[in-house]
Amino acid sequence: MKILVVDDEQDIKALFEQRFRREIRDGAFQFAFCFSGEEALAFLQEHPSEAILILSDINMPGMSGLELLGKIREKSPAPPPFIVMITAYGDPEKQAEAMRLGANDFLNKPLDFNTLKEKLAHLEV
Amino acid sequence: MELAPGILLAVGVIHLVRKTLDTARLTPAWDKVLSKIWLVSIVYFFVTLLPFLGFLKEWYGRLIYVLLLITVYLMREHRSARLLSGALLPGFFVYVIDHFFRFAFPAFHESQSDFFNTAESFAGLWLLGFGIYALIQNNKEVKNRQKQEERIRQAEARKAELEHLVAERTAELTEQKNELKKSLAELKAAQDQLVHSEKMASLGELTAGIAHEIQNPLNFVNNFSELSVEIAHELLEELEKPDFDRELVKDLVSDLTQNQEKINHHGKRAANIVTGMLQHARSSTGAKEPTDLNALADEYLRLSYHGLRAKDKSFNAKMSTDFDPTIGKIEVVPQDLGRVLLNLINNAFYAVHQKNTQLSESSQLSESYSPTVTVSTKKLKNAVEIRIRDNGTGIPDSLKAKIFQPFFTTKPTGQGTGLGLSLAYDIVTKGHGGTMEVETKEGEGTTFLIKLPV
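Chains V and A, in that order, give the protein sequences. According to the working numbering, the first sequence is numbered sequentially starting from 299. According to the working numbering, the second sequence is numbered sequentially starting from 53.
The hints are simulated quantities; they were obtained by calculation from the structure and are not laboratory data. One or more hints might be untrue.
[Stated by the list, open to error] To be clear about the criterion: a stretch of chain A counts as covered by chain V if any three or more of its residues have a C-beta under 8 Å from a C-beta of chain V, and this derived list gives those stretches:
1. 162-168
2. 206-220
3. 305-311
[Unchecked claim] Which residues of chain V face chain A? A few of them, derived with a C-beta cut under 8 Å, are:
4. GLN316
5. ASN357
6. PRO390
Every residue gets a Cβ at the ideal spot worked out from N, C-alpha and C, and that includes glycine.
Chain V extracted, bound-state conformation (with noise of 0.2 Å):
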């Protein structure tokens, strides 16, 4: 499964890659990752129906996540790409927001990666 990670935080990158070691090594999942909506657009535009999942955070300088939310559900309507929208604890009117703009689900601030990989697994079936 391709996945694109959208954050601004540099480290995130670093992250995903040891949580998801094994997976990585195993070929089972595929990570991207852009700093921000801008160069996630640019990605997704060069690499078209390539990402089946993207992860977004929602608080980012310039293009905000539910932007770039929008505008992705703008061109794909539907699933393929699940959206997962990642907030801050206790943020209900972000919550809604991105649900109403056609997030799939959303992952709370700091990131579980059980929960994450639970959620993951659900997708692939």
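Position chain A relative to chain V; hints supplied.
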């Protein structure tokens, strides 16, 4: 003259005199004597009935006359008495002259008896007439006195009325004064509360953002430490093998090291955010201490950036500094001045953000607009200058005068208390004896200039 009617007349006259001259009030002792005239006269009457005391009849009139004269004399200070004396005196003189002539020149007296009788009658009429005149005068006087007393009474009543009114008014005014005092105290309390809540608001803005901001570093600390534990287990597992893979071990150790570095980095990041926030919350002792203004400005610049970015991640701006290293340490209250800088920097960031939003909404955003806030310091001859410059929306001329007014804000309701600049102005001018000025051009940007004396 017969005695009996004479007695009646005399008693009547005495009574009249007593009333007219008010002897009861003015010569009470003598009045008591006069009041006995009834009794005395009746006794006198019976005495004169005695055989050889008949001559006393004549003397009765003289007795009465003498009584009157004594009365007049005793009350000689009173006008009414003097009047009465005028009535009595002719009679007196006639009596004296009559008796003189009767004893000294009896023959002459006999021949002129008509004249002397007439004189006596005239004296009697004079007494009567004058008595009536005196009575009328007395009444007039009594009436006058009464009128005056009435007038005085009215004046007193009026005075009492006015005093009452004044007392009422004074009570009203005192009550008003107390109410105003109370209102003043309440206003002062409300003002204190507002200042406090402004401080809390700016603190609250920070805390909300800070909480957000801390989540990211915390996320990394938790995750990388978990990962490090896993890696350590893996490492141990591998090293248990007699022929462990050296390269793998090296890789694992390298990852471990990297993770610890990241944990350290993000931990420090969180700590800095918290420290900055605590410093801002710390109440100022008001004491001036030698402070490095460059460090202060830098700290609050980053604090502001953190806070705003955490609150609104779409917020994006450049910050630049230009610090004069020669300014040294200045005696300031660091928390207060820090708040001033924080406020100005916040405003600067807000302004550039506004401009950015405006331009993007009207699709005029170009790569050429780079929202920037610059903080610079410079040492002058007797002062230190701090400049906070932004290339944001600028301030229109019409608002320029108002910005330092308390409660003035252009931010939407709930977003700004409007107290920041007015407090900042007070801190700089009153607290530190400095000046704060603003240079601005609408649409282009704003510069706030603080000068502090050294």
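Consistency of the hints with the structure:
As drawn, the region 162-168 of chain A meets chain V at 0 residues by the rule of a beta-carbon pair under 8 Å; below three, the given contact is violated. Three residues within the 8 Å Cβ limit are the bar, and the region 206-220 of chain A against chain V gives 0, so the coverage statement is violated. Using a Cβ-Cβ cut-off of 8 Å, 3 residues of the region 305-311 of chain A lie near chain V, which meets the minimum of three, so the contact claim holds. A least Cβ separation of about 5 Å between GLN316 (chain V) and chain A falls short of the 8 Å threshold, and the interface hint therefore holds.
A distance limit of 8 Å between C-beta atoms decides the matter here; for ASN357 (chain V) the minimum to chain A is near 4 Å, and the interface restraint holds. Against a cut-off of 8 Å between C-beta atoms, the interface hint on PRO390 (chain V) is violated, since the closest Cβ of chain A lies about 15 Å away.
The structure fails hints 1, 2 and 6 (numbered hints given earlier, in ascending order).
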